[in-house]
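Trainee: The primary structure of each chain is shown beneath.
2 protein chains.
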Amino acid sequence: MPAVKFQQAAGIQPEIAVQAMPEDERVWVPQADNVWFRPLLFNTVSGGWSNLLRVRKSGVLSRHRHPMIVTGYVIKGSWRYLEHDWVATEGSFVYEPPGEIHTLVVDEGVPEMITFFTISGAMIYLDEAGQMNGYEDVFTKIEMCRRHYHAVGLGDYVDQFIR
Amino acid sequence: MPAVKFQQAAGIQPEIAVQAMPEDERVWVPQADNVWFRPLLFNTVSGGWSNLLRVRKSGVLSRHRHPMIVTGYVIKGSWRYLEHDWVATEGSFVYEPPGEIHTLVVDEGVPEMITFFTISGAMIYLDEAGQMNGYEDVFTKIEMCRRHYHAVGLGDYVDQFIR
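If you read the sequences in order, they're chains X and E.
For the first sequence, this note's numbering begins at 1 and goes up steadily by one.
For the second sequence, this note's numbering begins at 1 and goes up steadily by one.
Please note: incorrect hints may appear among the correct ones.
The list makes no distinction among identical chains, and a pair is therefore deemed to hold if it is satisfied within one copy or across any two copies.
In silico SDA-like links for lysine to any residue, alpha-carbon gap of 25 Å or less [said to hold, decoys possible]:
| no. | residue 1 | residue 2 |
| --- | --- | --- |
| 1 | LYS76 | ILE16 |
| 2 | LYS57 | PHE6 |
| 3 | LYS57 | ALA17 |
| 4 | LYS57 | ALA9 |
| 5 | LYS57 | THR44 |
| 6 | LYS57 | ILE101 |
| 7 | LYS57 | GLU23 |
| 8 | LYS76 | GLU112 |
| 9 | LYS76 | ASN133 |
No wet-lab data here; the hints were simulated from the structure.
Using the sequences plus the hints, can you model the full thing?
Mentor: Following this line, the structure appears as structure tokens:
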């Protein structure tokens, strides 16, 4: 095939192509104590987002339910869910079905875990009794990024990931 | 939070948790000359699939259009599209918008590229004139896997990835 460049469709969304792991530490958005995320895509049309999740502490991190599909690919370290017997290690692929409730745990001896997650819909956070005590969706994630990037001098850095 | 295991919803789909890179070479399904894929998820409800794509030759591999969203994370090597100026290298994240036509190229000097792709909808293959000359969807991909795994003695290995 010759090196012809095809005309793209009118109104097509711009693509994204970035190194997932940022060189600038400020790109990591603090999520909780020793937990950060790095945005890669915010889908405001279907509702969902892709990001890296980075954790540098052991213990139980969060219990949540997913109303829609989640996939993950582990880039570094390992983690597991209390509700399952497997451990997600470097190079693992994970599919999390809609409706699943799980409790993310990073075990002692894992100094850092980084996972590429694509989350559709929302995260619904649950307390010990299984009652909702918070949620996140594409818009709350965008807002977290926007505040953080303005605070650290990166301005409207988040905009490049919003579609 | 205590280590309570929550009861999952009735009728919930089973999760998937596997090492993406298989130890058994037979798991790689031949796609074309020196091109293989490794299935990770076949979504027959929304239409789409996640897989690793492995290429061990340089040159123009395929020209295609996506009717729906695609995301990718490069695990090894590098590649590019003739239609864009960037090169996807190890650790790159890529978002490909619906409607995009692109021509995948692996450059000389790249012995192997492996990328984790999640493809929604279909791949519509195009010839030099931009006319459709083939397509793939979740069902053609499942069928390719089924034939290959039966031929190499892995039987119904593909079934674990179908939802």
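Trainee: Check the structure against each numbered hint from earlier and tell me which ones fail, lowest number first.
Mentor: Hints 4, 5 and 9 not satisfied by this model.
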